[in-house]
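Each number in the working numbering comes from the position in the sequence shown (counting from 1) with 444 added on.
No lab work stands behind these hints, which were simulated from the structure alone.
Some hints here could point you the wrong way.
[To be verified] Below, a list of computed lysine-lysine pairs in the DSSO-like style, where the Cα atoms sit at most 30 Å apart:
hint, residue 1, residue 2
1, 642, 586
2, 692, 642
3, 447, 692
4, 692, 586
5, 447, 586
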Amino acid sequence: MFKNARLFRLQEPFALTAAELETALAGRPARPCGPLEMATLGWTSPLADGSALVHAVSGCLLLCARRQERLLPAAVVTETLAERVAEIEDEEARSIGRAERRRLRETIVADLLPRAFTRSRRILAYIDTLSGWLIVDAASDKLAEELVSLLRETLGSLPATPPRPAAAPASRMTAWVAAGAGAEDLALGATCELRDPKNTQSVTRCRGQDLTGEEVAGHLRAGKEVVQLELEWVEHLSFVLAEDLALKRLRLADGLTEGLEEIDDEDPSARLDAELALLALELRGLIERLTEVFGLAAGADQTAPGSRRAASTEGGGHATGTRALG
445 MFKNARLFRL QEPFALTAAE LETALAGRPA RPCGPLEMAT LGWTSPLADG
495 SALVHAVSGC LLLCARRQER LLPAAVVTET LAERVAEIED EEARSIGRAE
545 RRRLRETIVA DLLPRAFTRS RRILAYIDTL SGWLIVDAAS DKLAEELVSL
595 LRETLGSLPA TPPRPAAAPA SRMTAWVAAG AGAEDLALGA TCELRDPKNT
645 QSVTRCRGQD LTGEEVAGHL RAGKEVVQLE LEWVEHLSFV LAEDLALKRL
695 RLADGLTEGL EEIDDEDPSA RLDAELALLA LELRGLIERL TEVFGLAAGA
745 DQTAPGSRRA ASTEGGGHAT GTRALG
């Protein structure tokens, strides 16, 4: 369901109910870009064919932001500006100064923007009210921060911060690769990214190879650190862990997803309930594991240690009612 997971610790318990959150999100709906707008961001239904802005399952509140942006390549603006400047200089036999060039660029953008194509993307996220984390499915920090900022503006306040590990993830991952083994139930995969801390432009990406081999060992001896590492949380899920503790390429273990195939595809809401409940349960456990390994700073006083057990017995529902999991 989620390909990525960027983590934000809630610094206090999330107090809004699904219905209250639904009302708040309705005040910032997604909308198309205006003629002179580069981008817009607002809330839409997490269900492709739904209308509710909040989908509640097993203590989690699923949200979706839609970002629409106009595609106006900088190269097009630069080329048009160069042509306009050449015309003026040729016709008026004078050079164009920096201030006039800047005004010409602004005029060109205002002229081209209404005719530019638009592109929309959906950004899913959920608030885990049991463990006190906001999880955003975004491939980049920028997209994740945009959603968090939108949620903060929508609610008026949202004390949420990225995880603050006591142990440097890059150092710990480098030690794992050097030792040829992860931490107990965290097994090494076949992908990593190494970077020279003295020259951040010096990056080596290894994919589909033995990370305990001589080639990777040579990079470590040269002083490079592991800044991304594929790991498998045995019998649960696999993922690529980044130095900022972002999770990429999430994949649930095959044994966990077998039951999902039995759910009728004609009921997308039921399928979503099952997928979200399973994903949240596994990510709660993984975050607890990462907290043990890296010493993440505590946030709100949540019931994290028992949250996975509690989730297995709880039902969930839409913002407008309760839906029991089968």
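Item to check | In rising order, the numbers of the hints this structure does not comply with | outcome: none
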